[in-house]
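2 protein chains.
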Amino acid sequence: MTRIAVDAMGGDRGPAAVLDGALQAASDEIVPVIFGSSELETRGLAHVATTQVVGMDEKPADAFRTKADSSLVRAVKAVADGEADAVVSPGNTGAILAAGLVHLRRVTGVRRPAIAVPIPARRGPSVLIDAGANADCRAELLLQFATMGAVFAEEILGIARPQVRLLSIGEEPEKGNQLALEAHDLLAASDLDFRGNAEGRDILEGAADVLVTDGFTGNVALKAVEGTIWTLLDSLREEITASTAGALGGLLIRPAARRLRARLDPDTYGGAYLLGLRGLVVIAHGNSSPTAIANAIRLAARGVDHDVVGRLAARLPQEAKIV
Amino acid sequence: MTRIAVDAMGGDRGPAAVLDGALQAASDEIVPVIFGSSELETRGLAHVATTQVVGMDEKPADAFRTKADSSLVRAVKAVADGEADAVVSPGNTGAILAAGLVHLRRVTGVRRPAIAVPIPARRGPSVLIDAGANADCRAELLLQFATMGAVFAEEILGIARPQVRLLSIGEEPEKGNQLALEAHDLLAASDLDFRGNAEGRDILEGAADVLVTDGFTGNVALKAVEGTIWTLLDSLREEITASTAGALGGLLIRPAARRLRARLDPDTYGGAYLLGLRGLVVIAHGNSSPTAIANAIRLAARGVDHDVVGRLAARLPQEAKIV
Numbered sequence: 001m002t003r004i005a006v007d008a009m010g011g012d013r014g015p016a017a018v019l020d021g022a023l024q025a026a027s028d029e030i031v032p033v034i035f036g037s038s039e040l041e042t043r044g045l046a047h048v049a050t051t052q053v054v055g056m057d058e059k060p061a062d063a064f065r066t067k068a069d070s071s072l073v074r075a076v077k078a079v080a081d082g083e084a085d086a087v088v089s090p091g092n093t094g095a096i097l098a099a100g101l102v103h104l105r106r107v108t109g110v111r112r113p114a115i116a117v118p119i120p121a122r123r124g125p126s127v128l129i130d131a132g133a134n135a136d137c138r139a140e141l142l143l144q145f146a147t148m149g150a151v152f153a154e155e156i157l158g159i160a161r162p163q164v165r166l167l168s169i170g171e172e173p174e175k176g177n178q179l180a181l182e183a184h185d186l187l188a189a190s191d192l193d194f195r196g197n198a199e200g201r202d203i204l205e206g207a208a209d210v211l212v213t214d215g216f217t218g219n220v221a222l223k224a225v226e227g228t229i230w231t232l233l234d235s236l237r238e239e240i241t242a243s244t245a246g247a248l249g250g251l252l253i254r255p256a257a258r259r260l261r262a263r264l265d266p267d268t269y270g271g272a273y274l275l276g277l278r279g280l281v282v283i284a285h286g287n288s289s290p291t292a293i294a295n296a297i298r299l300a301a302r303g304v305d306h307d308v309v310g311r312l313a314a315r316l317p318q319e320a321k322i323v
Numbered sequence: 324m325t326r327i328a329v330d331a332m333g334g335d336r337g338p339a340a341v342l343d344g345a346l347q348a349a350s351d352e353i354v355p356v357i358f359g360s361s362e363l364e365t366r367g368l369a370h371v372a373t374t375q376v377v378g379m380d381e382k383p384a385d386a387f388r389t390k391a392d393s394s395l396v397r398a399v400k401a402v403a404d405g406e407a408d409a410v411v412s413p414g415n416t417g418a419i420l421a422a423g424l425v426h427l428r429r430v431t432g433v434r435r436p437a438i439a440v441p442i443p444a445r446r447g448p449s450v451l452i453d454a455g456a457n458a459d460c461r462a463e464l465l466l467q468f469a470t471m472g473a474v475f476a477e478e479i480l481g482i483a484r485p486q487v488r489l490l491s492i493g494e495e496p497e498k499g500n501q502l503a504l505e506a507h508d509l510l511a512a513s514d515l516d517f518r519g520n521a522e523g524r525d526i527l528e529g530a531a532d533v534l535v536t537d538g539f540t541g542n543v544a545l546k547a548v549e550g551t552i553w554t555l556l557d558s559l560r561e562e563i564t565a566s567t568a569g570a571l572g573g574l575l576i577r578p579a580a581r582r583l584r585a586r587l588d589p590d591t592y593g594g595a596y597l598l599g600l601r602g603l604v605v606i607a608h609g610n611s612s613p614t615a616i617a618n619a620i621r622l623a624a625r626g627v628d629h630d631v632v633g634r635l636a637a638r639l640p641q642e643a644k645i646v
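Those protein sequences? They're chains A and B, same order as listed.
Heads up: the first sequence begins at 1 in the numbering used here, then just goes up one per residue.
Heads up: the second sequence begins at 324 in the numbering used here, then just goes up one per residue.
Heads up, a few of these hints could be off.
Partial list, computed: chain A residues near chain B (C-beta under 10 Å) [to be verified]: (1) E155; (2) L157; (3) K175; (4) T213; (5) R302; (6) D305.
Hint data in this document are derived by calculation from the structure and do not stem from the laboratory.
Heads up, the beta-carbon is just placed ideally off N, CA and C, and yes, glycines get one too.
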């Protein structure tokens with residue numbers, strides 16, 4: 001039985017969507033614990049009443065300092081206190097990171113936590129790390145991210161010896177900015193199965209099991225992929241419905257389009273792992289649907305079952321410790 | 324009458340595709356001049372015989388130094404010598420940059436040339452700059468890129484007072500890496516119509532007329548958008564053809580899908596401008612089709628007609644000179 005602390009007040013859609021998702025995910029194995037206003041109707045789910053809410057646009061440090069009784073901070077702290085096995089929040093990413101750093105603390109040897117996002121790539125699922133926790137990085141950090149991404153790929157995606165690539169601007173080792181060039185050398189000298197550089201076009205195609213980059217590039221690239229998917233599908237629908245034959249064709253391809261949407265929809269995974277802390281944190285999309293929240297909770301439970309935090313703690317000191 | 328020097332030996336498809344494209348573009352106004360092997364059959368087009376070829380994977384500095392009689396270097400030099408008004412090459416981007424820096428030299432006040440790529444965004448065409456010429460940048464460079472991008476948007480895209488945004492990881496001014504934070508301040512204090520940060524998801528949607536970023540982020544993001552488009556359209560075709568109804572629907576939506584492909588196809592623009600030099604350089608995709616080459620040649624001719632180089636030289640010293 002896995003207890004998942006769920007921050008019901010974070011996110012853009014309000015607590016109703018989060019509660020619906022938590023109810024979907026609740027099972028004999030998964031016990032969601034709702035953190036939020038005492039006025040919430042949690043329909044049988046365990047409930048911890050909190051009095052404050054962290055807004056999506058609040059400055060993380062301020063929010064963390066002034067809102068100790070927020071659903072976000074309390075849900076993270078519940079993992080530190082052993083009241084929950086993992087936490088899921090669709091809230092302010094920076095505030096989740098701040099709360100995690102203080103209440104959960106870092107795994108020994110980890111310099112900075114990083115966000116690992118599962119990518120529904122064409123050749124199979126892969127993981128992009130860091131997707132936004134660290135805007136400015138040094139090369140040593142990227143080596144740690146790659147190692148954490150490899151543990152994620154093994155335990156969550158079930159890939160035996162994950163192949164790692166570095167996101168850069170050309171496949172040749174000498175292509176890249178200063179950070180990428182240095183990271184390339186460190187990765188090549190590591191015990192990871194490093195396969196060289198990948199480019200932006202490889203993200204959705206799927207060039208590697210683990211794609212490592214700094215949090216600025218990773219965030220821009222991830223949003224470029226996501227935005228392009230939705231802009232393109234919307235544009236296609238507009239073009240199709242502009243003619244009668246097209247509209248009929250659109251009806252006939254609808255099942256195919258739905259299968260594709262289901263595979264690419266971020267809701268399918270529901271969230272990203274914040275890796276490197278002594279407790280499991282899953283960050284859900286801010287505008288998560290109930291299905292996305294349910295999948296994020298299941299993703300968190302999977303991480304608990306596979307002891308992702310313990311595996312990271314066991315591997316990082318050997319492979320990528322920064323002294 | 325505009326004379327365009329065309330590097331026929333560069334690129335991945337060989338000289339035949341380039342020649343076909345040059346023939347397509349040739350008109351009363353546009354005179355392509357083919358630079359390439361004496362054995363080429365140029366079918367009536369002007370021909371300058373060259374003896375060397377720069378490979379796509381050659382190191383730019385080496386290629387430039389050892390291949391003065393390559394089609395690439397000679398075509399760039401033709402602009403410097405007044406034998407052509409602009410140059411188009413589908414060849415090695417780094418070598419084109421190196422040849423441009425030496426033979427054409429920079430516009431006074433320009434620290435580094437940058438690559439400006441037209442993006443067929445949903446809300447209308449926009450320009451992304453820098454798409455890959457400068458992997459490591461300082462904030463002052465981004466201000467220059469933005470100014471060059473604005474001139475491009477005015478003269479080539481026909482936008483009267485282009486809106487500029489900075490590619491970053493959140494719309495709030497305090498979101499970004501160190502470079503983005505500093506560039507944000509410089510852009511906000513400039514005479515440009517700066518509208519704040521944009522995110523990766525805005526690239527294809529079209530959040531601004533000019534999207535400015537460093538060459539590493541820009542290259543990764545541009546390739547992420549391009550790659551996602553083709554991966555997604557391929558995946559959709561696979562899903563559609565997996566069922567009979569879907570295959571029939573696919574036939575009915577084909578005209579719509581073709582319109583969308585035509586709009587998004589990089590061939591529609593054919594190339595990117597290398598801005599900041601005292602001569603006009605258009606870099607075509609390495610695997611350009613004849614249509615892409617023809618459009619790249621027309622894009623170059625348009626830049627000559629609108630005196631993009633002169634306009635840059637007139638504006639940069641005032642607006643974004645780095646002393």
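Going through the earlier hints one by one, which of them does the structure break, listed in rising order? The structure breaks hints 1, 2, 5 and 6; every other hint is satisfied.
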